[in-house]
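With the sequences and hints as input, model every part of the structure.
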Amino acid sequence: MVLSKREILTRMKGEIDRPGRLVITPLLYKDEDDVFDADSVDLRLGCHFLLPKALDQPFFSPDKTSINSLYVRAHIPLGHFLVVPAHQTILGATLEFIKLPNNVSGQVLTKSSVARTFIVVETAPWIHPEYRGCLTLEIANVSNTPVLLYPGRRTCQLILMSVGGPDDEQQSEAAVVHSVSAKSGTTYFGPVYPEGPKFKDPQDDLLDIGVTRVSTLRRSELRRQKGCWTDEACVQQESRRARRARLP
Amino acid sequence: MPTGLVDVLHDASVLHRFVDFIGEYCRQQTRSQTYVGSAAVFFRYVEQLAAGIQDELRREIERATKRTPRLATLRRNMRTYRGYLRLLHALIKPAADAHSLTIPGPLVDLASQQLQKVAGMANSRLLILLTPEFMYFQRPHTDIKSQAREIEGFIPSASFPPKLGFIEIPYSQGPSFFTNLAIYHEIGHFVYEELSHRNPSHRAFKALASAKERCLNKAFSPRASKVPAGTRNAGQTGSNRQAFALAEKILENWTQEIFCDLFALRLIGPAFSFALIEMIGMLGVSRTQCVTFNTDHPAPACRFAEHVKLLRDDEWWKEIEDLQAEQRQFLQELANIPIGRYEFFMDDSRRGPRRLLNAFVTDLAPAIKDLVCQLTTRAVPSVERFRRVRHDIQKAFRAGVVPLTDTPDRRDPVCIINAAFCFYLTAVTEVVKRFEEPGHENDVALHSKWKNRVEMWTMKAIEDSQVMQRYKDVQRYGPF
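Going down the list, the protein sequences come from chains A and B. Quick note: the first sequence uses this note's numbering, first residue 2, plus one each step. Quick note: the second sequence uses this note's numbering, first residue 525, plus one each step.
I should point out that these hints are in silico values taken from the structure, not numbers from a laboratory. Owing to the predicted nature of the structure, the values given are computational and were not obtained by experimental measurement. Don't be surprised by glycine CBs; every beta carbon is placed ideally from N, CA and C. It is possible that some hints are incorrect.
[Said to hold, decoys possible] Cross-link-like lysine to any residue pairs, in silico, SDA-like; alpha carbons within 20 angstroms at most:
#1 Lys-957(B) with Pro-198(A)
#2 Lys-893(B) with Val-904(B)
#3 Lys-199(A) with Lys-617(B)
#4 Lys-996(B) with Glu-8(A)
#5 Lys-54(A) with Gln-557(B)
#6 Lys-54(A) with Leu-83(A)
#7 Lys-973(B) with Pro-198(A)
#8 Lys-773(B) with Val-809(B)
#9 Lys-54(A) with Asp-930(B)
#10 Lys-773(B) with Glu-737(B)
#11 Lys-919(B) with Met-13(A)
#12 Lys-14(A) with Asp-930(B)
#13 Lys-641(B) with Lys-687(B)
#14 Lys-669(B) with Asn-601(B)
#15 Lys-31(A) with Gly-1002(B)
#16 Lys-54(A) with Asn-601(B)
#17 Lys-54(A) with Thr-558(B)
#18 Lys-957(B) with Arg-19(A)
#19 Lys-996(B) with Leu-79(A)
#20 Lys-996(B) with Arg-154(A)
#21 Lys-31(A) with Val-998(B)
#22 Lys-996(B) with Asp-35(A)
#23 Lys-112(A) with Phe-37(A)
#24 Lys-31(A) with Asp-997(B)
#25 Lys-14(A) with Gln-898(B)
#26 Lys-641(B) with Gln-557(B)
#27 Lys-14(A) with Arg-922(B)
#28 Lys-973(B) with Leu-83(A)
#29 Lys-617(B) with Arg-606(B)
#30 Lys-973(B) with Phe-37(A)
[To be verified] Chain B regions said to be covered by chain A (calculated; three or more residues, Cβ under 8 angstroms):
#31 617 to 630
#32 909 to 922
[Said to hold, decoys possible] Just a few of them, taken from the derived set where beta-carbon distance is under 7 angstroms, the chain B residues facing chain A:
#33 Arg-555
#34 Thr-558
#35 Arg-583
#36 Ile-585
#37 Cys-897
#38 Val-925
#39 Val-926
#40 Leu-928
In C-alpha cells, the structure reads:
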C-alpha cells in the first residue's frame, strides 16, 4: 500500500532511533503542500556528482576496481549549474539524507516536469527498507541538446510503500528484528555523495554458483594496433592460424 | 633604438610570458574546479594583476623607445613586479589545489562566518592553501599586503582583496573533518596579525602590551624594573639589550600561540582541544616534550592548562568532564601538571630563563584570555544549547543517520561539531557492533570506515544547517 501524505508525516515524528521512523533531512518547505503530494515527497538535487571518465582502455569491466575507475568527482555549489551533454548519463545524489523504516520500501521517480525536458532520473529506482543515505541518482539526458542541472532544485519524487500484509503491520516495532539490509556490508550504507558501483570480481561472483573457470581480460593482454585496440590472445591465435595455413 | 633597449625588451618579454602563464593558470583553475568564495576573489585579483602588468610593460616599452632615461625606471619597476610575483607564485598553486573536493568546504564556510563576528574582522576572508608539510599554518600576510600596496601604485586596476587570510592545510587531511578544526588556531594567527598591526592602540591590545611589559620587568628584575619603560633599552648594555629583545620576541611568540588556542576554543569549544590532541598524537609528540617550552611555542601542557581554564570559565568543562575518552583524560592530565615541572630550552638547547616562563604563565596568560574574550563576545557559541541537543545529535549517529537540523537548536553547527566529536571519540564501537556482522568489533579497517562515516555525516549536517538556516532566513526576511 502506498503511504499517504498523512502517513508519511506521522512516520517522520518521534524518536529518531525507532525502527519505524522515517527520516528525510534537510526537508525545506514552507508548508506541507510545498513538497508533499497526496502520496509522495519531492526531493532536491545535491551538489556532488560523478561524471563518466574517458577510459584508457576499450572496455569497462564491472569488477572490484570499478568504484574508482569509471568516474571523476565534481562539486557544483548551490547557485551554479552542471551541463549534462546530450545522450550522456551522470551520477548525482539527493540533497536529502533518507532513512526508511524497517517495514517501508520506496521508489524514486523523475518529477514529471523534469521528465518533460528529456531528463530521466533513476533507472534502478527501488529502495529497500532501512536504507540510509542520500540516494544516488542516475541522471540521463536522453535529449539531443545539452541540459543544465541546478543543485537544490526539485528533481525527483519519493513514493513510499508499506511492506507485507496486515499481519506484518500488526507486529510491534520492538519485536521487529533488524533486517539484513540494515547491515552496512550488504548495501550502500549511509552515503552522503553519489557512489560508484561496488562489485566483486566476476570470478568471485560466479564461484558462488559453482563456475570455476571464468575468462577475464587483463589490460596487459591488449595492445594498440593501427589506431584500434586488439586482444593479444586473439592476435597470437590469428598468427598461429596464418602460420599453419602457410605450411606445405 | 636607444642603447640597452634590446636587453630591457628581452627582460620585459620574459616577464610578460611569466605573467601570461600565471594569469592563464588562474583562469583555467576557476573554470575547471569550484572554490570557496575567497579563492575565486584571489584568482580574479591575480588575473587582473597579470593583465595590468602586461599593459604596463607594453606602455613602458613604447615610451622607452622614445626616451632613453625611462629604461632605468622600467628596470626598477620590473624588479618590483618580479619580487611581488615571486610571493604570489608561492600562493597560487597551493590555492589552486585547495578546491572544493579537496578541503572541507562546509567547515571553511562556517569558520569564515564566525570570523566575521569577531570584533574588527567584519568582511574578512580566508584563502585555503594545501601544503605538503604535515602541519597547519597561517602564512603571514603583512609583507604581501605591503608589497601589494606598492604594486597598486603602478597597477591601479588590480587591488589586493582586503582582509584576506592565508590558511594552510596538510593535503592529506583535506577530506577529513575533525583534524581540520585546527584551522581555527591558524585563523587566530590571522586575527592577531591583522588586528595588532592595523590597530595596535586598540584598548584590548594596549592592555596586553602593558601585561607584556610587566612580564619582562619581572623577568629582568631588579635592574630592568628601575629603568623607566620608555627609556629602558637606552639604559642597557649591548648584551642585555640583545637578551631583552630576544625575551620580547619569545614572549610575543608564546603570546600568539596562547591567543590562537583560546581564540579557537572560544569559537568552536572543546572540539578544538580534542583536534589539537589528535594532531599532537599524529605528530608523535612525547610526554617529555609536552612540558617543554621552546622559543616558538609554549609547552603543550601550558597550552592545555589554559584550555581547561577557559573551558571552565565558559562552562564547557562541565559538559565534557565525564567523557570516557582518552583525549579528555590526556587534556586533564596535562592541565594538572604544576608550573614547576615546565622546562624551557632555547634553540641551541641551553636552558632558557625560568623567570620569563613563570612571568608568562602567571602574568601574561590571564591578559591574553581577557583579550580573546573581548574580541569574541559576539562569536561565542551557546553551551546551554549544546546541553539541550547533544543527546539528540548522538542518538542520530547511533541510529546511522545524519543529525537533523529541523530546529534552531539542532541547527547550531558548533553544537553539532562538539556532539559529533564526543561521539567520534567514544561511541564508534557501538555503531560498528550494531551495523556490522558479529565478530568484527575489533576490525581496524571497519573502525576507520565508521570514523570516516561519522565525519562525513557531521560535514553533511553542517552543510544542511547552512542550507536550512539560509532557507529559514529567506522565509523570514525575504530574499537578500
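Right, here's what the structure says about each hint:
As the CA atoms of Lys-957(B) and Pro-198(A) are separated by approximately 25 angstroms, the hinted pair breaks the 20 angstroms bound. With a C-alpha separation of about 14 angstroms, the suggested pair Lys-893(B) and Val-904(B) falls inside the 20 angstroms cut-off, and the hint holds. Distance restraint check for Lys-199(A) and Lys-617(B): the Cα-Cα separation of roughly 34 angstroms exceeds the 20 angstroms cut-off, and the hinted pair is therefore not satisfied. As the CA atoms of Lys-996(B) and Glu-8(A) are separated by approximately 25 angstroms, the hinted pair breaks the 20 angstroms bound.
Proposed proximity of Lys-54(A) and Gln-557(B) is supported: the alpha carbons are some 16 angstroms apart, at most 20 angstroms. Annotation: proposed proximity of Lys-54(A) to Leu-83(A) holds, straight-line Cα distance about 16 angstroms (limit 20 angstroms). With a CA separation close to 17 angstroms, the supplied pair Lys-973(B) and Pro-198(A) stays within the 20 angstroms bound. For a cut-off of 20 angstroms, the pair hint linking Lys-773(B) to Val-809(B) is broken: about 24 angstroms separates their Cα positions.
Using a Cα cut-off of 20 angstroms, the hinted pair Lys-54(A) and Asp-930(B) is violated, with the two alpha carbons roughly 38 angstroms apart. Between Lys-773(B) and Glu-737(B), the direct Cα distance comes to roughly 12 angstroms. Compliance with the 20 angstroms bound is thereby established for this hinted pair. Among the hinted pairs, Lys-919(B) with Met-13(A) is consistent with the structure: their alpha-carbon atoms are about 15 angstroms apart, no more than 20 angstroms. This hinted pair checks out: Lys-14(A) and Asp-930(B) have alpha carbons roughly 12 angstroms apart, not beyond 20 angstroms.
A threshold of 20 angstroms between alpha carbons decides the hint, and for Lys-641(B) with Lys-687(B) the separation of about 14 angstroms falls inside it, so the pair holds. With a CA separation close to 18 angstroms, the supplied pair Lys-669(B) and Asn-601(B) stays within the 20 angstroms bound. At most 20 angstroms may separate the alpha-carbon atoms for a hinted pair to count; Lys-31(A) and Gly-1002(B) meet this at roughly 13 angstroms. Proximity of Lys-54(A) to Asn-601(B) is assessed by CA-CA distance (about 46 angstroms); at most 20 angstroms being required, the pair is judged violated.
Of the pairs offered as hints, the one joining Lys-54(A) and Thr-558(B) holds, with about 18 angstroms between alpha carbons and a cut-off of 20 angstroms not exceeded. Of the pairs offered as hints, the one joining Lys-957(B) and Arg-19(A) holds, with about 18 angstroms between alpha carbons and a cut-off of 20 angstroms not exceeded. A C-alpha spacing of about 16 angstroms is found between Lys-996(B) and Leu-79(A), which places the hinted pair at or below 20 angstroms, so the restraint holds. For the given pair, Lys-996(B) sits about 17 angstroms from Arg-154(A) by alpha-carbon distance, which is consistent with the 20 angstroms threshold.
For a cut-off of 20 angstroms, the pair hint linking Lys-31(A) to Val-998(B) stands: about 11 angstroms separates their Cα positions. Annotation: proposed proximity of Lys-996(B) to Asp-35(A) holds, straight-line Cα distance about 14 angstroms (limit 20 angstroms). Restraint check: the Cα-Cα separation between Lys-112(A) and Phe-37(A) comes to about 13 angstroms, which is no more than 20 angstroms; the hinted pair holds. For the proposed pair Lys-31(A) and Asp-997(B), the alpha carbon gap of about 12 angstroms is at most 20 angstroms, so the pair holds.
Distance check on the hinted pair: Lys-14(A) and Gln-898(B) sit about 42 angstroms apart at the alpha-carbon level, beyond 20 angstroms; violated. About 29 angstroms separates the Cα atoms of Lys-641(B) and Gln-557(B), which puts this hinted pair outside 20 angstroms; it is violated. Between Lys-14(A) and Arg-922(B), the direct Cα distance comes to roughly 17 angstroms. Compliance with the 20 angstroms bound is thereby established for this hinted pair. Distance restraint check for Lys-973(B) and Leu-83(A): the Cα-Cα separation of roughly 30 angstroms exceeds the 20 angstroms cut-off, and the hinted pair is therefore not satisfied.
Between Lys-617(B) and Arg-606(B) the alpha-carbon distance is near 17 angstroms, which keeps this suggested pair within the 20 angstroms criterion. Distance restraint check for Lys-973(B) and Phe-37(A): the Cα-Cα separation of roughly 35 angstroms exceeds the 20 angstroms cut-off, and the hinted pair is therefore not satisfied. Check result for the region 617 to 630 of chain B against chain A: holds, 4 residues qualifying (beta carbon to beta carbon below 8 angstroms, three or more required). With 4 residues carrying a beta carbon less than 8 angstroms from a beta carbon of chain A, the region 909 to 922 of chain B meets the three-residue requirement, and the given coverage holds.
Because the closest C-beta pair between Arg-555(B) and chain A is about 12 angstroms apart, greater than 7 angstroms, the hint is violated. With 7 angstroms as the threshold, the beta carbon of Thr-558(B) comes within range of chain A, its nearest partner Cβ sitting at about 5 angstroms, so the hint holds. The interface hint given for Arg-583(B) is violated, since its Cβ lies 37 angstroms from the closest Cβ of chain A, which is over the 7 angstroms cut-off. The beta carbon of Ile-585(B) comes no nearer than 40 angstroms to any beta carbon in chain A, farther than 7 angstroms, and the hint placing it at the interface is violated.
With its C-beta approaching chain A no nearer than about 34 angstroms, Cys-897(B) sits outside the 7 angstroms limit, and its interface hint is violated. The beta carbon of Val-925(B) is positioned within 7 angstroms of a beta carbon in chain A (closest approach about 5 angstroms), and the interface hint is therefore held. Below 7 angstroms, beta-carbon pairs count as interface contacts, and Val-926(B) has one with chain A at about 4 angstroms; its hint therefore holds. For Leu-928(B), the suggested interface contact is upheld, since its CB lies about 5 angstroms from the closest CB of chain A, less than 7 angstroms.
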